[in-house]
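Trainee: Here is how the chains run, residue by residue.
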Amino acid sequence: ETGVTQSPTHLIKTRGQQVTLRCSSQSGHNTVSWYQQALGQGPQFIFQYYREEENGRGNFPPRFSGLQFPNYSSELNVNALELDDSALYLCASRPTTRRDIYNEQFFGPGTRLTVL
Amino acid sequence: AQSVTQLGSHVSVSEGALVLLRCNYSSSVPPYLFWYVQYPNQGLQLLLKYTSAATLVKGINGFEAEFKKSETSFHLTKPSAHMSDAAEYFCAVSTKGNDMRFGAGTRLTVKP
Chain A
1 ETGVTQSPTH
11 LIKTRGQQVT
21 LRCSSQSGHN
31 TVSWYQQALG
41 QGPQFIFQYY
51 REEENGRGNF
61 PPRFSGLQFP
71 NYSSELNVNA
81 LELDDSALYL
91 CASRPTTRRD
101 IYNEQFFGPG
111 TRLTVL
Chain B
1 AQSVTQLGSH
11 VSVSEGALVL
21 LRCNYSSSVP
31 PYLFWYVQYP
41 NQGLQLLLKY
51 TSAATLVKGI
61 NGFEAEFKKS
71 ETSFHLTKPS
81 AHMSDAAEYF
91 CAVSTKGNDM
101 RFGAGTRLTV
111 KP
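From first to last, the protein sequence lines stand for chains A and B. All letters in the first sequence, in the order written, are residues 1 to 116 by this note's numbering. All letters in the second sequence, in the order written, are residues 1 to 112 by this note's numbering.
Errors might be hidden in some of the hints.
Unchecked claim - Once the Cα atoms are required to be at most 25 Å apart in a straight line, the calculated DMTMM-like pairs of lysine to aspartate or glutamate come out as:
{"#": "1", "chain 1": "B", "residue 1": "LYS58", "chain 2": "A", "residue 2": "GLU104"}
{"#": "2", "chain 1": "B", "residue 1": "LYS49", "chain 2": "A", "residue 2": "GLU104"}
{"#": "3", "chain 1": "B", "residue 1": "LYS68", "chain 2": "A", "residue 2": "GLU52"}
{"#": "4", "chain 1": "B", "residue 1": "LYS111", "chain 2": "B", "residue 2": "ASP85"}
What the hints assert, rightly or not - Among the chain B residues that face chain A by a calculated CB cut under 7 Å, a handful are:
{"#": "5", "residue": "GLY43"}
{"#": "6", "residue": "LEU44"}
{"#": "7", "residue": "GLY59"}
{"#": "8", "residue": "GLU88"}
{"#": "9", "residue": "PHE90"}
{"#": "10", "residue": "PHE102"}
{"#": "11", "residue": "GLY103"}
{"#": "12", "residue": "ALA104"}
Stated by the list, open to error - Simulated restraints on C-beta separations:
{"#": "13", "chain 1": "B", "residue 1": "VAL29", "chain 2": "A", "residue 2": "ARG51", "range": "22 to 32 Å"}
{"#": "14", "chain 1": "B", "residue 1": "TYR39", "chain 2": "A", "residue 2": "GLY56", "range": "26 to 36 Å"}
{"#": "15", "chain 1": "B", "residue 1": "LEU56", "chain 2": "A", "residue 2": "ILE12", "range": "43 to 53 Å"}
{"#": "16", "chain 1": "B", "residue 1": "THR55", "chain 2": "A", "residue 2": "GLY28", "range": "26 to 36 Å"}
{"#": "17", "chain 1": "B", "residue 1": "GLU15", "chain 2": "A", "residue 2": "GLU52", "range": "23 to 33 Å"}
{"#": "18", "chain 1": "B", "residue 1": "THR72", "chain 2": "A", "residue 2": "SER65", "range": "45 to 55 Å"}
{"#": "19", "chain 1": "A", "residue 1": "SER73", "chain 2": "B", "residue 2": "SER14", "range": "40 to 50 Å"}
{"#": "20", "chain 1": "B", "residue 1": "SER84", "chain 2": "A", "residue 2": "GLU52", "range": "39 to 49 Å"}
{"#": "21", "chain 1": "B", "residue 1": "THR55", "chain 2": "A", "residue 2": "THR9", "range": "37 to 47 Å"}
In case anyone wonders, no lab produced these hints; they're calculated from the structure. Here the structure is a predicted model, which is why all the values come from computation and not from measurement. Where is the CB? At the ideal position from N, CA and C, for every residue including glycine.
Based on the provided sequences and hints, a complete structural model is requested.
Mentor: Have a look at this one:
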């Protein structure tokens, strides 16, 4: 069984550019969440996708957007990059069967984004 | 809304000593609680989780945590530290259908 994978591993962009990060969820997992982890801090929730729709969002501006595809893989897009966007971006997936049951999520290794 | 507070951004212990990492949570509904470990340049690995079953939860690598509702705590312990335990540890809270909120993390250093 393949776990959560993310690409690319590292990325360097300049301020004002746009970036797309990709995540392949674990087999059978229909829910994907994205987190931003700045250096020396805990992960911060960006948003969650379930059945190709965003169904939860943290305190991030609209220039952070995402997509989920029919195969449950996902993209995180960030427009107009700022220096403070430099961070490790983590993707996590889990199966959602019923809302009254919590299913554990599994994390990918992350994409390290550096904005110069 | 739920949140967690990790007390102590850095904990240092000697090899073989007790490890105690502190976490307090805030939640208006029954929470799910988690401890994750992160090694340098890696993602998060689940150590253990509390999902309203037994209050004493045993995890991987000899770690365990006890859910104490009266103290709103979920502290992580290990009886005897090993050099390989040196890493960043994160406490997290979630509720049914909701996202996960992480603490700021505690860096554990193990001295020989």
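Trainee: For every hint, state whether the structure bears it out.
Mentor: Okay, the hints, checked on the actual structure:
no. : hint                          : verdict
1   : LYS58/B - GLU104/A            : 16 Å, holds
2   : LYS49/B - GLU104/A            : 9 Å, holds
3   : LYS68/B - GLU52/A             : 38 Å, violated
4   : LYS111/B - ASP85/B            : 11 Å, holds
5   : GLY43                         : 4 Å, holds
6   : LEU44                         : 4 Å, holds
7   : GLY59                         : 12 Å, violated
8   : GLU88                         : 9 Å, violated
9   : PHE90                         : 5 Å, holds
10  : PHE102                        : 4 Å, holds
11  : GLY103                        : 5 Å, holds
12  : ALA104                        : 5 Å, holds
13  : VAL29/B - ARG51/A: 22 to 32 Å : 24 Å, holds
14  : TYR39/B - GLY56/A: 26 to 36 Å : 28 Å, holds
15  : LEU56/B - ILE12/A: 43 to 53 Å : 46 Å, holds
16  : THR55/B - GLY28/A: 26 to 36 Å : 30 Å, holds
17  : GLU15/B - GLU52/A: 23 to 33 Å : 49 Å, violated
18  : THR72/B - SER65/A: 45 to 55 Å : 35 Å, violated
19  : SER73/A - SER14/B: 40 to 50 Å : 45 Å, holds
20  : SER84/B - GLU52/A: 39 to 49 Å : 41 Å, holds
21  : THR55/B - THR9/A: 37 to 47 Å  : 39 Å, holds
Comparing the model with each earlier hint shows violations of hints 3, 7, 8, 17 and 18; every other hint is respected.
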